[in-house]
Amino acid sequence: MQYRSKYNNPKPNRKLSLWEKLYLPEIARGLLTTIKHLFRPKFTRQYPEERWEAPAAFRGRPVLVMEENGQERCVACGLCSRVCPPLAIEVQASETDLLKERYPVRFEINMIRCIFCGFCEEVCPEEAIVMSKDYELVYRKYDDAIYGKDKLLTPKKDLKDRLEYLREMRNKT
Amino acid sequence: MVVEALIKIVIVLLTVLTAVSYLVLLERWISAWLQDRIGPNRTGPLGLFQPLADVLKLLLKEDIEPSQSEKWIHWLAPVISITVAFSVLAIIPFGSAIILSGKSYSLAIASNVNIGVLYIIALTSVGVYGITLAGWSSGSKYSLLGGLRSSAQMISYELTLGLGLVSVVMLCGTLDLGGIIQSQIAGGWNIIRAPLGFMLFLISSFAETNRQPFDLPEAEPELVGGYHTEYSSMKFALFFLAEYANMITASAVMSVLFLGGWHVPFLNTLGMDPSLLAVLGILAFGLKIFAFIFFFMWVRWSIPRFRYDQLMNLGWKVLLPLGIINIVITALEKTYLLH
Numbered sequence: 001m002q003y004r005s006k007y008n009n010p011k012p013n014r015k016l017s018l019w020e021k022l023y024l025p026e027i028a029r030g031l032l033t034t035i036k037h038l039f040r041p042k043f044t045r046q047y048p049e050e051r052w053e054a055p056a057a058f059r060g061r062p063v064l065v066m067e068e069n070g071q072e073r074c075v076a077c078g079l080c081s082r083v084c085p086p087l088a089i090e091v092q093a094s095e096t097d098l099l100k101e102r103y104p105v106r107f108e109i110n111m112i113r114c115i116f117c118g119f120c121e122e123v124c125p126e127e128a129i130v131m132s133k134d135y136e137l138v139y140r141k142y143d144d145a146i147y148g149k150d151k152l153l154t155p156k157k158d159l160k161d162r163l164e165y166l167r168e169m170r171n172k173t
Numbered sequence: 001m002v003v004e005a006l007i008k009i010v011i012v013l014l015t016v017l018t019a020v021s022y023l024v025l026l027e028r029w030i031s032a033w034l035q036d037r038i039g040p041n042r043t044g045p046l047g048l049f050q051p052l053a054d055v056l057k058l059l060l061k062e063d064i065e066p067s068q069s070e071k072w073i074h075w076l077a078p079v080i081s082i083t084v085a086f087s088v089l090a091i092i093p094f095g096s097a098i099i100l101s102g103k104s105y106s107l108a109i110a111s112n113v114n115i116g117v118l119y120i121i122a123l124t125s126v127g128v129y130g131i132t133l134a135g136w137s138s139g140s141k142y143s144l145l146g147g148l149r150s151s152a153q154m155i156s157y158e159l160t161l162g163l164g165l166v167s168v169v170m171l172c173g174t175l176d177l178g179g180i181i182q183s184q185i186a187g188g189w190n191i192i193r194a195p196l197g198f199m200l201f202l203i204s205s206f207a208e209t210n211r212q213p214f215d216l217p218e219a220e221p222e223l224v225g226g227y228h229t230e231y232s233s234m235k236f237a238l239f240f241l242a243e244y245a246n247m248i249t250a251s252a253v254m255s256v257l258f259l260g261g262w263h264v265p266f267l268n269t270l271g272m273d274p275s276l277l278a279v280l281g282i283l284a285f286g287l288k289i290f291a292f293i294f295f296f297m298w299v300r301w302s303i304p305r306f307r308y309d310q311l312m313n314l315g316w317k318v319l320l321p322l323g324i325i326n327i328v329i330t331a332l333e334k335t336y337l338l339h
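As given, the protein sequences belong to chains A and B, one line each in that order.
1 is the number of the first residue of the first sequence in the working numbering; add one for each residue after it.
1 is the number of the first residue of the second sequence in the working numbering; add one for each residue after it.
There may be inaccurate statements among the hints.
Claimed, not checked - Covered stretches of chain B (chain A as the covering partner; in silico rule of three or more C-beta atoms under 8 Å from a C-beta of chain A): (1) 34 to 46; (2) 301 to 307.
Claimed, not checked - Have a look at the derived ranges for each label pair, beta carbon to beta carbon: (3) LYS61/B <-> GLU68/A: 57 to 65 Å; (4) ILE38/B <-> ALA54/A: 21 to 29 Å; (5) PRO25/A <-> VAL169/B: 23 to 31 Å; (6) PHE294/B <-> ARG45/A: 26 to 34 Å; (7) LYS61/B <-> ARG45/A: 29 to 37 Å; (8) GLU68/A <-> ALA53/B: 45 to 53 Å.
If you're looking for bench data, these hints aren't it; they were derived computationally from the structure.
All C-beta atoms in this analysis are idealised placements derived from N, C-alpha and C, irrespective of residue type, glycine included.
Start from the sequences, fold in the hints, and give me the full structure.
Structure, rendered in structure tokens:
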């Protein structure tokens with residue numbers, strides 16, 4: 001059977017009326033349409049000056065949640081590292097005197113590998129790793145792209161939007 | 001005499017070259033505005049240094065010569081294009097004669113060329129060679145197709161252009177551009193006396209300058225870049241300049257032939273100083289040219305390109321008969337209405 005769609009089997013051409021056959025009136029109509037756009041508001045965003053504020057659902061750079069006492073929530077269970085499809089996360093656990101008993105000595109995300117899937121955030125039992133709103137990622141060297149704890153730790157108050165959003169989504173299901 | 005001409009040439013060339021580089025910016029602005037964008041605004045205040053950056057970039061680029069090209073003609077083609085584009089400007093009267101310390105200075109480089117209209121027609125025909133030779137000498141199929149299309153298109157539309165001109169010549173009874181303006185001052189602008197002739201001339205001007213919707217010689221989606229596919233660096237820039245210079249020339253010619261050149265209606269009844277009147281005339285002429293150029297750009301960003309057969313149909317089956325009818329109409333008008 002021959003494949004037919006509306007694209008390779010178009011309707012027979014509509015007969016043009018005399019007015020349309022005259023060309024010029026229709027061209028004038030077209031020109032009128034474009035000139036109207038001259039006075040419309042522009043869509044362009046002047047990027048470095050005007051930045052886009054991402055909504056809470058946006059999956060930007062994954063970050064570690066830092067509690068008010070300056071400690072990370074992470075208990076270094078390594079689930080995020082296991083679930084990460086491109087193997088971008090590396091966790092090295094150690095013991096601590098705090099209540100949670102374990103903490104990551106080293107927590108590194110290779111941002112060149114990261115695909116922003118958000119699986120790490122989904123799998124985390126402590127809600128310790130979440131996706132932030134940061135989408136401006138620039139590195140000059142390969143080593144710069146491996147984000148350690150110094151770059152990943154983010155105060156909890158900066159992530160309020162995302163944490164609330166996550167809770168809301170969890171309550172839904 | 002020679003010094004006077006040289007000074008005029010330098011002034012006109014400098015003005016037109018600057019205008020051309022800024023037309024490129026204007027085109028980008030207009031295209032942006034018509035598409036709800038902002039357009040170039042980063043290079044200097046409001047993006048006004050953009051042409052400078054463009055020129056520098058083009059000058060510093062490597063000049064690549066295709067191995068299969070006819071070197072000499074490949075070099076000659078852009079030169080022909082740009083020369084033709086500029087030489088039409090030599091006979092355009094930019095304003096009425098200025099009287100300085102008892103001596104009258106005409107504001108055309110070559111004043112009183114009594115076959116002005118013929119000169120324009122002759123030069124636009126030579127313009128075809130620039131593009132056709134560029135297409136042929138590049139040794140590339142896309143260039144060749146662009147060149148072929150251009151020669152067919154320009155020859156077809158030159159007929160209509162000529163027929164549009166005939167009505168002007170009939171009404172004014174002279175081939176001299178200054179005389180044509182004088183006749184329009186006396187008897188009303190030609191756009192009113194010969195509206196059909198104006199339409200024909202305008203449409204074929206689009207074809208002659210290779211602007212949208214008749215830009216088949218360089219149709220990017222089909223022919224990569226058409227006749228200038230194999231050109232780079234300053235040679236490409238010359239074609240680019242020629243396109244915009246052609247636009248200025250065509251606008252100037254249309255202003256002279258149909259919109260009374262530097263004439264502003266009812267201005268001389270106000271009893272102003274003649275030198276002020278002359279300056280206003282030059283400004284009015286500039287404004288008319290600008291209006292045409294804006295129209296060229298406006299059309300470019302509104303109307304899609306014609307198909308090749310549509311182009312030929314329009315040229316031969318519609319515009320050419322209309323041109324002949326127009327001559328008859330003008331003759332009747334001249335015999336019965338204007339006497």
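Worksheet entry | Earlier hints that do not hold, by number | none
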